[in-house]
Amino acid sequence: GENVEQHPSTLSVQEGDSAVIKCTYSDSASNYFPWYKQELGKRPQLIIDIRSNVGEKKDQRIAVTLNKTAKHFSLHITETQPEDSAVYFCAAGASKIIFGSGTRLSIRP
Amino acid sequence: EPEVTQTPSHQVTQMGQEVILRCVPISNHLYFYWYRQILGQKVEFLVSFYNNEISEKSEIFDDQFSVERPDGSNFTLKIRSTKLEDSAMYFCASSESGLLQPQHFGDGTRLSIL
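Chains as they are written, first to last, in our numbering: chain X, 1 to 109; chain V, 1 to 114.
Hints in this document: simulated from the structure, not taken from any laboratory. Computed from a predicted structure; not experimentally measured. The beta carbon of each residue, even a glycine, is placed where N, CA and C say it ideally should be. There may be inaccurate statements among the hints.
Stated by the list, open to error - No more than 27 angstroms apart at the CA atoms, straight line, and that leaves these computed lysine-lysine pairs for BS3-like:
| id | chain 1 | residue 1 | chain 2 | residue 2 |
| --- | --- | --- | --- | --- |
| 1 | V | Lys83 | X | Lys58 |
| 2 | X | Lys22 | V | Lys78 |
| 3 | X | Lys96 | V | Lys83 |
| 4 | X | Lys42 | V | Lys57 |
| 5 | V | Lys57 | X | Lys71 |
| 6 | X | Lys57 | X | Lys68 |
| 7 | V | Lys57 | X | Lys96 |
| 8 | V | Lys42 | X | Lys96 |
| 9 | X | Lys68 | V | Lys57 |
| 10 | V | Lys57 | V | Lys78 |
As the list claims (entries may be wrong) - Computed far set for chain V versus chain X, every beta-carbon distance over 12 angstroms:
| id | residue |
| --- | --- |
| 11 | Pro8 |
| 12 | Gln14 |
| 13 | Leu114 |
Claimed, not checked - Covered stretches of chain V (chain X as the covering partner; in silico rule of three or more C-beta atoms under 8 angstroms from a C-beta of chain X):
| id | segment |
| --- | --- |
| 14 | 71-83 |
| 15 | 94-108 |
Given the sequences, and given the hints that come with them, work out the whole structure.
Okay, here's the thing in structure tokens:
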């Protein structure tokens, strides 16, 4: 069945450095790739999304890249800040969204 | 900013009982979803709903589960004969149109089965 793999499961970076989270997906029909941020005990919040007709998208300090041939996509956060600490989920889908297993990002002051 | 609202925030139920989780999607949204998140794990798709019928469902969404839009604003998830492993956070989400549109999540209902 459909599967989304996400790496790493935990990531610790120095404040101000960049963080990169990578995902691969199995369903070649997937054409929508959202990223969600979830703080402890809170709802998942959409931070950025990309569709299959676009290879890259940027919103301030956050960027996503998509390689449909290789079936992988990545989230890049630059100039990390303490408030970026959270669990980040990638997801992929066509008729339904399948989530990755999450990356716990910690920003060291 | 409009939000998806869910009630109750926490539901405690005896094993074998039925529960109904309630959601009010954003008013102009047409697609509705239920997800489940077991503590510390990933978000899992349960079901999507459009035009008063199920669009898609996962293997988790078996005969124990049902969804309904009883009126113009509510969207409910019913779980019959609850089991211990049904304990999880259940999130409702809605989107303005189809899958390629952002899904907005509610704050969730924490379901605890005793």
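How the hints compare with the structure:
Annotation: proposed proximity of Lys83 of chain V to Lys58 of chain X is violated, straight-line Cα distance about 44 angstroms (limit 27 angstroms). Between Lys22 of chain X and Lys78 of chain V the alpha-carbon distance is near 36 angstroms, which puts this suggested pair outside the 27 angstroms criterion. Distance check on the hinted pair: Lys96 of chain X and Lys83 of chain V sit about 26 angstroms apart at the alpha-carbon level, within 27 angstroms; holds. With a C-alpha separation of about 24 angstroms, the suggested pairing of Lys42 of chain X with Lys57 of chain V holds against the 27 angstroms cut-off.
Taking the CA atoms of Lys57 of chain V and Lys71 of chain X, the gap is near 24 angstroms; set against the 27 angstroms cutoff, the hint holds. Taking the CA atoms of Lys57 of chain X and Lys68 of chain X, the gap is near 14 angstroms; set against the 27 angstroms cutoff, the hint holds. Proximity of Lys57 of chain V to Lys96 of chain X is assessed by CA-CA distance (about 8 angstroms); at most 27 angstroms being required, the pair is judged to hold. The straight-line distance between the Cα atoms of Lys42 of chain V and Lys96 of chain X is roughly 15 angstroms, inside the 27 angstroms bound, and the hint therefore holds.
For the suggested pair Lys68 of chain X and Lys57 of chain V, the alpha carbons sit about 25 angstroms apart, so the restraint of at most 27 angstroms is met. Proposed proximity of Lys57 of chain V and Lys78 of chain V is supported: the alpha carbons are some 14 angstroms apart, at most 27 angstroms. The claim that Pro8 of chain V lies off the interface holds: its Cβ sits roughly 15 angstroms from the closest Cβ of chain X, which is beyond the 12 angstroms cut-off. No beta-carbon of chain X comes within 12 angstroms of the beta-carbon of Gln14 of chain V; the shortest separation is about 25 angstroms.
With a least beta-carbon separation of about 21 angstroms from chain X, Leu114 of chain V lies farther than 12 angstroms from that chain, consistent with its non-interface assignment. Residue count for the segment 71-83 of chain V with a Cβ under 8 angstroms from a Cβ of chain X: 0. That is fewer than the three needed, and the coverage hint is violated. Requiring three or more residues with a Cβ within less than 8 angstroms of a Cβ of chain X, the coverage given for the segment 94-108 of chain V holds, as 9 such residues are present.
Hint compliance for this structure: hints 1, 2 and 14 are not met, and every other hint is.
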